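A.B. asks: Chains as they are written, first to last, in the numbering used here: chain Y, 32 to 347; chain R, 0 to 194.
Hints are not guaranteed to be accurate.
[Stated by the list, open to error] List of simulated lysine-lysine pairs, DSS-like, C-alpha gap at most 27 Å:
1. Y/K210 - R/K85
2. R/K93 - Y/K177
3. R/K85 - Y/K76
4. Y/K102 - R/K118
5. R/K85 - Y/K125
6. Y/K80 - R/K85
7. Y/K126 - Y/K142
8. Y/K153 - R/K93
9. R/K93 - Y/K126
10. R/K85 - Y/K142
11. Y/K179 - R/K61
12. R/K61 - Y/K125
13. Y/K275 - Y/K210
14. R/K61 - Y/K177
[To be verified] Reference listing, derived: stretches of chain Y covered by chain R, where coverage requires no fewer than 3 residues with Cβ under 8 Å from a Cβ of chain R:
15. 48-54
16. 167-177
[Unchecked claim] Listed below are several chain Y residues computed to face chain R (Cβ distance under 10 Å; list not exhaustive):
17. I124
18. Q130
19. T146
20. T150
21. E152
22. I156
23. D159
Hint data in this document are derived by calculation from the structure and do not stem from the laboratory. All figures in this text were calculated on a predicted structure; none of them were measured in a lab. For each residue, glycine too, the CB sits at the ideal point set by N, CA and C.
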Amino acid sequence: MELLCYEVDTIRRARPDPNLLYDDRVLQNLLILEERFLPQGSYFKCMQKDIQPFMRRMVATWMLEVCEEQKCEEEVFPLAMNYLDRFLAVVPIKKRHLQLLGAVCMFLASKLKETCPLTAEKLCIYTDNSIKPEELLDWELVVLGKLKWNLAAVTPHDFIEHIVRKLPLPTEKLPLIRKHTQTFIALCATDYSFALYTPSMIATGSVAAAVCGLQLDDGDRSLWGDNLTDLLAKITNIEVDCLKACQELIETVLVDNLRQVRQQQLEEQNGRNKAVKEVDQSSTPNRCPRRESLKEKKKKATPKHLLAALFFYNFN
Amino acid sequence: MFYGRLQALNEVPAKDLFSVGIYKRLLLFFVFSDQFCIVLFFIQIDIMDLKKGILLSSSNRKVCRNLFGPVDRDQLHAEYQEILQKVTQDSALKWGFDFVNETPLEGSNYQWERVPSGKVPALYRSCFVTASIQGIRLGKENEPVALEQTGKPFSCQNQESTPKKCSSGVLKRKQTNITDFYQSKKMFVQRTEKA
Numbered sequence: 032m033e034l035l036c037y038e039v040d041t042i043r044r045a046r047p048d049p050n051l052l053y054d055d056r057v058l059q060n061l062l063i064l065e066e067r068f069l070p071q072g073s074y075f076k077c078m079q080k081d082i083q084p085f086m087r088r089m090v091a092t093w094m095l096e097v098c099e100e101q102k103c104e105e106e107v108f109p110l111a112m113n114y115l116d117r118f119l120a121v122v123p124i125k126k127r128h129l130q131l132l133g134a135v136c137m138f139l140a141s142k143l144k145e146t147c148p149l150t151a152e153k154l155c156i157y158t159d160n161s162i163k164p165e166e167l168l169d170w171e172l173v174v175l176g177k178l179k180w181n182l183a184a185v186t187p188h189d190f191i192e193h194i195v196r197k198l199p200l201p202t203e204k205l206p207l208i209r210k211h212t213q214t215f216i217a218l219c220a221t222d223y224s225f226a227l228y229t230p231s232m233i234a235t236g237s238v239a240a241a242v243c244g245l246q247l248d249d250g251d252r253s254l255w256g257d258n259l260t261d262l263l264a265k266i267t268n269i270e271v272d273c274l275k276a277c278q279e280l281i282e283t284v285l286v287d288n289l290r291q292v293r294q295q296q297l298e299e300q301n302g303r304n305k306a307v308k309e310v311d312q313s314s315t316p317n318r319c320p321r322r323e324s325l326k327e328k329k330k331k332a333t334p335k336h337l338l339a340a341l342f343f344y345n346f347n
Numbered sequence: 000m001f002y003g004r005l006q007a008l009n010e011v012p013a014k015d016l017f018s019v020g021i022y023k024r025l026l027l028f029f030v031f032s033d034q035f036c037i038v039l040f041f042i043q044i045d046i047m048d049l050k051k052g053i054l055l056s057s058s059n060r061k062v063c064r065n066l067f068g069p070v071d072r073d074q075l076h077a078e079y080q081e082i083l084q085k086v087t088q089d090s091a092l093k094w095g096f097d098f099v100n101e102t103p104l105e106g107s108n109y110q111w112e113r114v115p116s117g118k119v120p121a122l123y124r125s126c127f128v129t130a131s132i133q134g135i136r137l138g139k140e141n142e143p144v145a146l147e148q149t150g151k152p153f154s155c156q157n158q159e160s161t162p163k164k165c166s167s168g169v170l171k172r173k174q175t176n177i178t179d180f181y182q183s184k185k186m187f188v189q190r191t192e193k194a
């Protein structure tokens with residue numbers, strides 16, 4: 032008799048637990064807990080000397096790409112960025128070691144959230160072997176110590192279900208709304224402007240952006256404009272003005288990214304040589320402006336598809 | 000002029016477009032900043048899968064890459080040592096315990112008491128890592144012999160499990176059988192079979 036192996040490499044998941052998702056106490060506890068896991072202040076101003084916001088974006092984009100390629104759980108990337116921000120808020124880091132730190136943060140977040148976590152070797156390969164697994168493990172300990180082993184941080188993802196279930200949304204649209212919300216959350220995590228926002232704020236703003244963005248024209252006016260904002264603000268106990276500001280910031284970030292994508296596309300169209308000449312040199316504080324700025328632009332240009340969501344045809 | 004463009008856009012089949020209403024304001028922004036062509040620019044993109052799109056712009060470069068140049072290994076190690084030392088110092092102060100020399104510090108808020116390692120759950124024993132480093136293979140969990148090998152204070156009498164094997168002091172590699180743990184159940188099954 033031959034033995035057949037029916038093992039498949041899909042990850043087994045628990046079903047969503049209604050006790051956790053449909054209990055308001057959970058949401059209230061998350062709202063209380065989330066403050067503990069915010070980075071202590073704006074670290075580019077007071078703590079970091081060698082690194083700058085655009086470098087954070089570079090490493091964030093790289094981390095997101097690794098997570099995508101490795102098909103990590105959605106939460107891994109925002110959680111890793113939370114570790115990164117919290118660590119950078121307390122320890123000054125050299126630019127050259129920033130990628131190592133990003134890898135360590137992904138390593139930790141992946142271990143916490145995934146059944147098959149990323150391996151140290153794999154992460155080192157993704158840095159083009161610029162770091163060694165031993166270094167990754169050494170720094171893992173250091174990061175853990177500095178984070179005081181508080182790894183189970185509240186992320187915006189924890190709020191998605193709690194928010195979405197309270198909105199009068201058609202069931203068939205929910206998967207798409209969740210997906211878009213997750214994408215907005217990922218976008219927020221790549222941008223330093225959101226580093227000091229609470230996860231609940233980012234989640235609420237992202238849901239708002241997703242719902243508005245999809246413009247569910249089922250005639251349900253309760254989900255339009257201010258109605259939606261008021262409803263969302265009540266769910267997570269935030270000020271309406273703050274929520275609006277957050278949503279606007281998300282839009283601004285989208286616009287910025289969209290511009291970069293467009294510029295990049297134009298550069299590609301015009302050919303590389305010409306593109307190098309056209310690069311705006313003022314935007315880069317580097318020693319070698321031309322090359323660096325070109326590189327940087329490429330790396331900065333993040334979410335093309337997301338940005339493509341800027342398609343709005345429902346205007347009259 | 001703007002209206003003409005908007006009209007043209009409206010004629011594009013709806014399925015090619017993404018129903019994104021949020022950005023009316025942004026649209027106006029684009030229109031008035033004369034960047035409206037950007038909208039048309041994206042029309043051909045399949046935007047249903049937003050998530051993939053995050054990476055679309057970077058699809059032509061490889062993910063494996065070194066972002067900030069070569070790492071200075073010596074400096075990295077020095078920084079690591081420095082931070083680790085700081086972390087250890089902080090925790091020593093916090094808990095009133097010197098974790099390097101494993102001795103309590105004086106004048107702390109905590110009173111430390113020595114507990115035989117056999118009294119703590121297996122989770123808290125560090126013997127297995129050390130044992131594997133020394134090349135000692137152990138067949139069973141909770142095997143107390145490893146602790147003796149590490150040279151840490153250990154008393155056989157305090158060990159909850161398998162004290163007999165401990166007293167022999169011989170390191171032996173033994174295959175663990177499931178019956179080691181479920182003997183009674185097995186006997187029960189046999190009995191029922193006979194009955």
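A.B. asks: Between the alpha carbons of R/K85 and Y/K125, is the straight-line distance 27 Å or under?
C.D. replies: holds, 18 Å
A.B. asks: Can the hint on Y/E152 be confirmed by a CB-to-CB distance to chain R that is less than 10 Å?
C.D. replies: Cβ of Y/E152 sits 12 Å from chain R, so the hint is violated.
A.B. asks: Straight-line Cα separation of R/K93 and Y/K177 no greater than 27 Å?
C.D. replies: holds, 13 Å
A.B. asks: Against the 27 Å threshold, does the CA-CA distance of R/K85 and Y/K142 hold or violate the hint?
C.D. replies: holds, 25 Å
A.B. asks: Regarding the hint that Y/I156 lies at the interface with chain R, is the smallest CB-CB distance below 10 Å?
C.D. replies: Holds. Min distance 6 Å.
A.B. asks: Quick check: the stretch 167-177 of chain Y, covered by chain R? Criterion 3+ residues, Cβ under 8 Å.
C.D. replies: Held - the stretch 167-177 of chain Y has 6 residues with a Cβ nearer than 8 Å to chain R, which meets the minimum of three.
A.B. asks: Measure nothing beyond the straight line between the CA atoms of Y/K153 and R/K93; if it is 27 Å or shorter, mark the hint as holding.
C.D. replies: violated, 36 Å
A.B. asks: With a cut-off of 10 Å on the beta carbons, see whether Y/T146 makes it to chain R.
C.D. replies: Interface hint status for Y/T146: violated (20 Å vs cutoff 10 Å).
A.B. asks: With a cut-off of 10 Å, does the beta carbon of Y/D159 approach a beta carbon of chain R closely enough for the hint to hold?
C.D. replies: Status holds, d = 4 Å.
A.B. asks: Classify the hint on Y/Q130 as holds or violated, based on whether any CB of chain R lies nearer than 10 Å to its CB.
C.D. replies: With a closest approach of 5 Å, the Y/Q130 hint holds.
A.B. asks: Could you grab the alpha-carbon distance between R/K61 and Y/K125 and see if it respects the 27 Å cut-off?
C.D. replies: Measuring from Cα to Cα gives roughly 24 Å; hence the hint holds.
A.B. asks: Would the pair R/K61 and Y/K177 pass a check requiring their Cα atoms to be no farther apart than 27 Å?
C.D. replies: violated, 32 Å
In summary, the numbered hints that this structure violates are 1, 4, 8, 9, 11, 14, 15, 19, 20 and 21.
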